[in-house]
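2 protein chains.
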Amino acid sequence: MKNKFITITTHIEGTPQESMFEIKTQILPPIESNDVIVKCLYISIDPYQINRMKHQSSSHTSVADASKITPGMEINSGGVGRVVASENSGYVKDDIVYGSLNWAEYTIVKNENTLRKLDTMEEFPLSYHLGIFGTSGLTAYGGFFQVCKPKKGEKVFVSAAAGSVGNLVGQYAKLFGCYVVGCAGTKQKVELLKEKLGFDDAFNYKEETDLNSTLQRYFPNGIDIYFDNVGGEMLEAAIVNMSPFGRVAACGAISHYTNSQKQATANMIDIVYKRIRIQGFLSTDFYTNDFKDFMSVTTDYVRAGKLCVLEDVSHGIESIPSAFLGLFQGENVGKKVVQIAQE
Amino acid sequence: MKNKFITITTHIEGTPQESMFEIKTQILPPIESNDVIVKCLYISIDPYQINRMKHQSSSHTSVADASKITPGMEINSGGVGRVVASENSGYVKDDIVYGSLNWAEYTIVKNENTLRKLDTMEEFPLSYHLGIFGTSGLTAYGGFFQVCKPKKGEKVFVSAAAGSVGNLVGQYAKLFGCYVVGCAGTKQKVELLKEKLGFDDAFNYKEETDLNSTLQRYFPNGIDIYFDNVGGEMLEAAIVNMSPFGRVAACGAISHYTNSQKQATANMIDIVYKRIRIQGFLSTDFYTNDFKDFMSVTTDYVRAGKLCVLEDVSHGIESIPSAFLGLFQGENVGKKVVQIAQE
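Taken in order, these protein sequences are the chains called A and B. To convert, note that position 23 of the first sequence is 23 in the UniProt record's numbering; the numbers rise steadily by one, no gaps. To convert, note that position 90 of the second sequence is 90 in the UniProt record's numbering; the numbers rise steadily by one, no gaps.
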């Protein structure tokens, strides 16, 4: 059986280019004992993958299930698929599964621990399991509730607020009773945040020349919680504008991913005197203890129409590279997913 | 009654100079109802005061009891003194008190809440209440146990390890069962850490050209806890060398205090992937809940000879400016105190 997959042609430092990706075809080897062959339906497209594509990054050593990506080899990611063949007693043909699948038509899953059968909840598209019911949702939920430890009425700032995680953080924060301001990179996204997602306010950071005074304008009495998806200058300005005992959830740093010069300069005097806490985290940290609660709360909210689902779906395996590149240009609105095959 | 006091001649940005300080003489006004007049015996000399001397700093707004210092006016600090006159029912002549006293021979205390009678514990010098039994000790104790949340066997790195707080952090960490490495700025301090204070290892940062590889040499398996008193390049290097789930106690940033260009560049990719926590704090945060435990544990350790007390005492009010300037040159070993008058 032939299998198309996407790979990188080289390790990537800086901004990724289309030429650094190629589509290859392999012949799938015969199925072996315990193997499960999964046909990919939807694959998750995430900015963090760029760190795995570098020559060196702490992503290679700090995260057990997301090690270095080697040019020419498969690239694994969260995906939803259908079992097409199984030599594993836990799975049968036509099971719908979530797991670590490749940027490929088919994945031979050799480690069943990276797979789980999906409660498909037929009322929802399967793609939701990559976004709002998947890693993005859990990151937003765990990051906001466990890392930020919010109190009702607190002032919350979210960067990349129209992104896969940011939009959910803002929505959870509003539902919880916080005051929420988001920033994004286009006028359309800003309007979406204010008009569709219920943010109290939002701004286009590309139109601002002095982020310190921008944040002072939106938070005259200080920021209690900053949910940081970008790092860099925005993080610096947020620290300057934080209230005493403010918390920074360090979820991502997309501005650093493609430009190591953009690292944030932390004003440690502010951090000390204002007793600011900066906490890095990954969604995997919440899986064991929080997934069940997260799913229950989130499905209820979606059913009740209180949480708005933002998805940005491309189609066909060939579209993976451009979908991925688009993340770094701010092209996606909400969760970026590629549909590889029809359900 | 005449009263000599030290003041600044100008707000100070950058490295403080002797010429920016002067000694002035005032006539003490008559005592009023509720006043307590305290003769200063020992006064605490602390790096953070430089932040209060600036035109602007988060120290002015974030800390209730340590607001801006104005040129020509008195400078308050932790001090130990003897009551010489009292119109306050809570205090009588000859009471020994701890409180917010001025860099002066006498202080008229108008707010009795800034004062407390001292259990002098005659076996110890009164100066200990400014260092090991005072703010430095509480900062080290609360910062290490409450902020760092150590586990036995963890690897701890302390900067400014021969300083007033650092030396105690290292000693508490050793007594608790951690592996401890400190850095300091002279050969003598390094020897002191290793030979007298029981640090597992120590190095002179001035002799190192690449702090990243220095820390890798001392912590080949990573740093679990970094107790940061300096900020800047040392903080950057510590983050690079931290283990997953590492904690940074942001206690001070002396390298930034006199040079705002020295701000640390935080590698947010490391912080995210390694789930690093950076937490600012002040000793006042621990006063209500931890002071009693701190005193009980610390006095027991000192009595048993398990904690070594490092004090650096100058004499006479005239020596305050040079004592203060010396902090930024790394001249002090342990807690810097000026004895203003004989007990």
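If you're looking for bench data, these hints aren't it; they were derived computationally from the structure. The reader is advised that the hints may include incorrect statements.
Stated by the list, open to error - Derived pair list, reagent style BS3-like, types lysine-lysine, alpha-carbon separation capped at 30 Å:
id	chain 1	residue 1	chain 2	residue 2
1	A	K149	B	K152
2	A	K292	B	K262
3	A	K262	B	K152
4	A	K206	B	K206
5	B	K152	A	K187
6	B	K54	A	K152
7	B	K262	A	K262
As the list claims (entries may be wrong) - A few chain A residues that don't get close to chain B, going by computed Cβ distances all over 12 Å:
id	residue
8	T25
9	E32
10	N113
11	D228
12	V230
13	E236
14	I254
15	D285
16	E343
Every value quoted in this text rests on a predicted model; they were computed, and no experiment measured them. Note that beta-carbon positions come from the ideal geometry of N, C-alpha and C, so glycine has one too.
Here is how each hint holds up against the structure:
1. K149/A to K152/B: holds, 27 Å
2. K292/A to K262/B: violated, 45 Å
3. K262/A to K152/B: violated, 37 Å
4. K206/A to K206/B: Violated, at roughly 42 Å.
5. K152/B to K187/A: Violated, at about 52 Å.
6. K54/B to K152/A: violated, 35 Å
7. K262/B to K262/A: Given that 30 Å is the threshold and the Cα spacing comes to 16 Å, the pair holds.
8. T25: holds, 33 Å
9. E32: holds, 33 Å
10. N113: Nearest chain B Cβ is 20 Å from N113/A, so the label holds.
11. D228: Contrary to the label, D228/A does not stay out of reach of chain B, its closest Cβ about 8 Å off (not over 12 Å).
12. V230: violated, 9 Å
13. E236: E236/A is in fact no farther than 12 Å from some Cβ atom of chain B, at 9 Å.
14. I254: Given that some Cβ of chain B is not farther than 12 Å from that of I254/A, nearest at about 10 Å, it is violated.
15. D285: violated, 7 Å
16. E343: At about 34 Å from chain B, E343/A clears the 12 Å cut-off, so the statement holds.
Of the numbered hints stated above, those contradicted by the structure are hints 2, 3, 4, 5, 6, 11, 12, 13, 14 and 15, listed in ascending order.
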